[in-house]
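Peer 1: The residues making up each chain are set out below.
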Amino acid sequence: MQQKKSFWKRLTGSREASLVLILVALLIVVTILSGGTFLTPSNISQIFRNNALTMLMALGMLCVLLTAGIDISITSILAFSGMTIGLLQKYDILHNTFLLFLIAALIGTGCGLLNGLIISKGKVAPIICTMGGMYIWRGLAYVISNNNWASGADVSGFSDFGKDGSVGPYIILAIAYVVFFIVMKWTTFGRRIYAVGSNAEAAEVSGINVDKVISLVYMIMGLLAGLSGALSVSIYASAQPNMQYGKEMDVIAACVIGGVSMNGGRGSVVGTFLGALFYAIVAKALPLVGLESIWQNLIKGIIVLAVVLLNVLTQRAMDRANLERREL
Amino acid sequence: MKRKVVSTMLCAAMAAGLLAGCGSGSSSSAASSASSASSAETTEAVASGSGEAVKSGSTAAAGTADASGHTYAIVTKSAGNPYNEREASGFKDTIEALGGTCIVQNPEQATADAQISVINSLISQKVDSIAVAANDANALSAVLQQAMDAGIKVMTLDSDVEASSRMVFCNQAGVKEVGQALIDAVYDITGGEGEYAILSATSQATNQNSWIDAMKSIAESDDKYSELVLDEVAYGDDEPQKSTDQTQALLQKYPNLKVICSPTTVGISAAAKVLQDQNSSVKLTGLGLPSEMKEYIGDDDSHSCPYMFLWNPIDLGKLAAYTSVALVNGQITGAEGDTFEAGDMENSPYTVTKNADGATEIILGPPYKFDPSNIDEWAEVY
Amino acid sequence: MAGKSGREINAVPQNSVKQKILSWEGGLVIIFVAVLILGAVISPTYNFFSVFREMPKYLCEIFMMFAMGYILIIAEIDISVGAIVCLAATLGCFAGNAGAPLAGVIAVCIGVGFLAGCLNGVILTHFTELPSMIVTLGTQIIFRGIAEVSLGSGGSVSMSNSKIIMPLATMVGPFPLVFFFVAIAAVIFIFSLSRTTFGRKLYAVGSNHTAAHYAGIPVQKIRMICFVLIGTMAGVCALFYLSTTFGANTTTGQGYEMDVIAMCVFGGIATTGGKGNLIGATIAGFTIVCLRIALGQRNINTQLILVIIGLLLIISVLIPRISEVLGNRKRRAVQG
Chain H
138 MQQKKSFWKR LTGSREASLV LILVALLIVV TILSGGTFLT PSNISQIFRN
188 NALTMLMALG MLCVLLTAGI DISITSILAF SGMTIGLLQK YDILHNTFLL
238 FLIAALIGTG CGLLNGLIIS KGKVAPIICT MGGMYIWRGL AYVISNNNWA
288 SGADVSGFSD FGKDGSVGPY IILAIAYVVF FIVMKWTTFG RRIYAVGSNA
338 EAAEVSGINV DKVISLVYMI MGLLAGLSGA LSVSIYASAQ PNMQYGKEMD
388 VIAACVIGGV SMNGGRGSVV GTFLGALFYA IVAKALPLVG LESIWQNLIK
438 GIIVLAVVLL NVLTQRAMDR ANLERREL
Chain D
3 MKRKVVSTML CAAMAAGLLA GCGSGSSSSA ASSASSASSA ETTEAVASGS
53 GEAVKSGSTA AAGTADASGH TYAIVTKSAG NPYNEREASG FKDTIEALGG
103 TCIVQNPEQA TADAQISVIN SLISQKVDSI AVAANDANAL SAVLQQAMDA
153 GIKVMTLDSD VEASSRMVFC NQAGVKEVGQ ALIDAVYDIT GGEGEYAILS
203 ATSQATNQNS WIDAMKSIAE SDDKYSELVL DEVAYGDDEP QKSTDQTQAL
253 LQKYPNLKVI CSPTTVGISA AAKVLQDQNS SVKLTGLGLP SEMKEYIGDD
303 DSHSCPYMFL WNPIDLGKLA AYTSVALVNG QITGAEGDTF EAGDMENSPY
353 TVTKNADGAT EIILGPPYKF DPSNIDEWAE VY
Chain E
28 MAGKSGREIN AVPQNSVKQK ILSWEGGLVI IFVAVLILGA VISPTYNFFS
78 VFREMPKYLC EIFMMFAMGY ILIIAEIDIS VGAIVCLAAT LGCFAGNAGA
128 PLAGVIAVCI GVGFLAGCLN GVILTHFTEL PSMIVTLGTQ IIFRGIAEVS
178 LGSGGSVSMS NSKIIMPLAT MVGPFPLVFF FVAIAAVIFI FSLSRTTFGR
228 KLYAVGSNHT AAHYAGIPVQ KIRMICFVLI GTMAGVCALF YLSTTFGANT
278 TTGQGYEMDV IAMCVFGGIA TTGGKGNLIG ATIAGFTIVC LRIALGQRNI
328 NTQLILVIIG LLLIISVLIP RISEVLGNRK RRAVQG
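Protein chains in written order, with the working numbering: chain H, 138 to 465; chain D, 3 to 384; chain E, 28 to 363.
For the record, the hints were derived by calculation from the structure and aren't laboratory data. Only a predicted model underlies this, so the values are computations on that prediction, with no experimental measurement involved. Backbone N, C-alpha and C fix where the C-beta goes; we use that ideal spot for every residue, glycine too. One or more hints might be untrue.
[Claimed, not checked] Restraint ranges, calculated between C-beta atoms of paired labels, are given here:
#1 76(E) x 350(D): 32 to 42 Å
#2 218(E) x 348(H): 32 to 42 Å
#3 432(H) x 258(D): 18 to 28 Å
#4 126(E) x 165(H): 46 to 56 Å
#5 130(E) x 307(H): 58 to 68 Å
#6 443(H) x 207(E): 37 to 47 Å
Chain H on its own, in the form it takes in the complex:
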């Protein structure tokens, strides 16, 4: 009986549940505003496909934020890896889709590892290290592109993978989320990330190699950013050095909306998914509900801030409820 009740409590009292409620409310509003045409299969698949990059990178960002870090170099890594494989195809060096994805992932992993080492071994604040990375990788993407794009015809075979109607992006997303869900929930490594984020000193004392965990976390982030680079080239059939410029903030916002704490130690894969989904639905819905283009950013900002504040309020209410129960 006790067991059952606490399970029920956990379901209704959790952040995820409150986020689901917000999502449902948002969907109802959007469906009414768009005249009941929002939740069509093609729309739903487009929501996932157009925001696959944000959703994928949000997983890495979750790990980074859990260790109380931050990574703002991700879209620059994305551009660098994406541009590299775009050029490999443009100059007919390589056309194998699998190998190209592998190369992009390796480049991303390398960049991420570098971030991780500088942060863990060099004791540099994450935001500063990745800000430097943001300038460097983006700059290199421009330099190697030499003012060229890899476009439609250049990447024709490769872009079939991410084409509208192809299941490629969905499979990558699904695998990534399942793997992360398992790792974060049931493996030692997952628990170590939480431990490092909650209290790095305590983690160190209890025998966790904090430096190693932090390096790995940034490496994973880099890996996902590199993969997203390949995915981006595939989905949009073009590689440009300025791709996804400034979108790192969207990824961070998606995580925070999903209840991931920027102070570390708190957040979940499910929450991240819901946050990214929320962000994706807003991006999809704004042009659909007949809002003039120039209003869209303002509305988006207000929604983001409102949800973040709402998150805090529900958390406070939950804490108070818990306290009351304990006092009883």
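Given the structure of chain H, go ahead and fit chains D and E onto it with the hints provided.
Peer 2: Using the frame of chain H, we list chains D and E on its own:
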């Protein structure tokens, strides 16, 4: 104390590294006033001092352009864009063929801010002329006026600024002609009646706005177009992702949509991909780079774009180069009626004309149509 | 470590922290001079006059750098400043076009900045569990959104009567007017950080804000003041930005927040709070400005300039760590 020494040394090493890193070949820059540099981006800046010789050397060159002894700068919209790159290469090749020195500057981002920094730096280098493709019609006027006060000949190409802050504008195609071509394409592809939508770049892009306005006013003034309905002007901000979102939204919001017209290279290729992937019956036209659009141009249902327009960005750069040279030589001042030779270019000699707002411009020619018959050939060029 | 040798503790001078910072600034001065020499070597036109002529646009950002120094010292961050500049410049421009005199434009720019800073401050002090990063991320989108909406479909506005703003763009001899304002701001900000109780409170809040709270420091009030301050300085920045461009558009101020944070960090201010001072940041700010001007006059690829600044940033934060490791090794070697 030791730490102090160590960190001081490291700082010094850092500075030394910097010196070595970007000073390559720099020591010769003061001496190499006549040599034409080889690298694409970092063309040597010529030491000033040649500014005084401008007038004495120019009077003789009435017919043939001569650029020797002068430095000409071009500021594109941003780095990392093949269209801008072609434009700059046309400019650079022409200037160097005429014996002048050329500086190509691609701002780090497509913003007026980034262009202001670059132009400021060019003023310091006392170049003889600046040709700029403006990212904003207003924000550059202060710095361009400063340049003109410093005796630099200022002209715009591709995208104009206020008429008072430049001498002349090299227009790739008359605004009216582009508008006419686009609305005619919409008329033709829709079959004379139906709904269409426009997917533009950013809301402040000067030339996109003027073409769209021209399309609208032509459609209003002529009964021929009365059956065409413009559903919406959407803005994709020249980002592939946002352009994709906007295209999909257009398709969904307007089930009777027949044609999307996208007068911007990023927008048109993003929209083309969406339409082609979905096998949509909606067709596309607009302004796009042949090399970007090769995949999507075709007459049958499996291609989304029957035809589109553009001008030759290389030629636009060339024309800007000849204009700069003529301005520096004192052959033209940018006043209406001025005429100058432009080497082997198609419509040479060119004449300065006045546009509808009374600003002076030089028009390259009518927009060029790309269809299945010529796309392969042009995709190789730009 | 201390257990091994009590002697060592005595050997470390009391003001070792201060000395370290001093050496950091010493290093910065050397780099600054090196940049100037570098500029003169690589560009024949790099001289006193051309540097000051190009400087006003960059000097606008220095105003925000001072306040950002305060923000970083109390272990916060504000990434909405670029958007505040955009909004304030836009509305200031509208005011000028509506016939307001210079005083009116000044009031609008600074007022908008002040109010935007207040909004950030109010949210952050009422929702203390929220990190400033995410709040200012949200308000950043909102501020720029308001500017976009008020700019309308053109997305850009120009000062129809630029004479209003011209007095701010005058040159006093070879110096632009804004240089003197930056100098005044520098004196005020540096003085209040290093010589007043307010300044010491900032360090206390940044080092450990729970401890500061129990020590009777009004932590939330301090945070509020800092965010209002940076908003106001963003307004000042917008004002002088207007005087160099006579207009504003939707991309105005893009990336300023990162530029400003980079200057502070390069100047030795730690983003983790409680460390660094504004003298270093000021030298660092001018170093970056002079470097950008030098590389610009050499026509270096603009993207490469960003790569160089990124490298500088990472190296500069790694230096203290490297010297520390080297120092430890040496000490160990001596002891061994």
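Peer 1: Is 46 to 56 Å right for how far apart the beta carbons of residue 126(E) and residue 165(H) are?
Peer 2: Cβ of residue 126(E) to Cβ of residue 165(H): about 47 Å, so the range 46 to 56 Å holds.
Peer 1: Determine whether the Cβ-Cβ distance between residue 218(E) and residue 348(H) falls within the hinted range of 32 to 42 Å.
Peer 2: holds (40 Å)
Peer 1: A range of 37 to 47 Å was offered for this pair. Does it hold for the Cβ distance of residue 443(H) and residue 207(E)?
Peer 2: Between residue 443(H) and residue 207(E), where Cβ atoms are some 43 Å apart, the hint holds.
Peer 1: Is 18 to 28 Å right for how far apart the beta carbons of residue 432(H) and residue 258(D) are?
Peer 2: Check passed, 25 Å falls within 18 to 28 Å.
Peer 1: Does the hinted range 58 to 68 Å hold for residue 130(E) and residue 307(H) at CB?
Peer 2: Given a distance of about 60 Å, which is inside 58 to 68 Å, the answer is holds.
Peer 1: For the pair residue 76(E) and residue 350(D), does the Cβ-Cβ distance stay inside 32 to 42 Å?
Peer 2: holds (41 Å)
The structure is consistent with each of the numbered hints, conforming to all of them.
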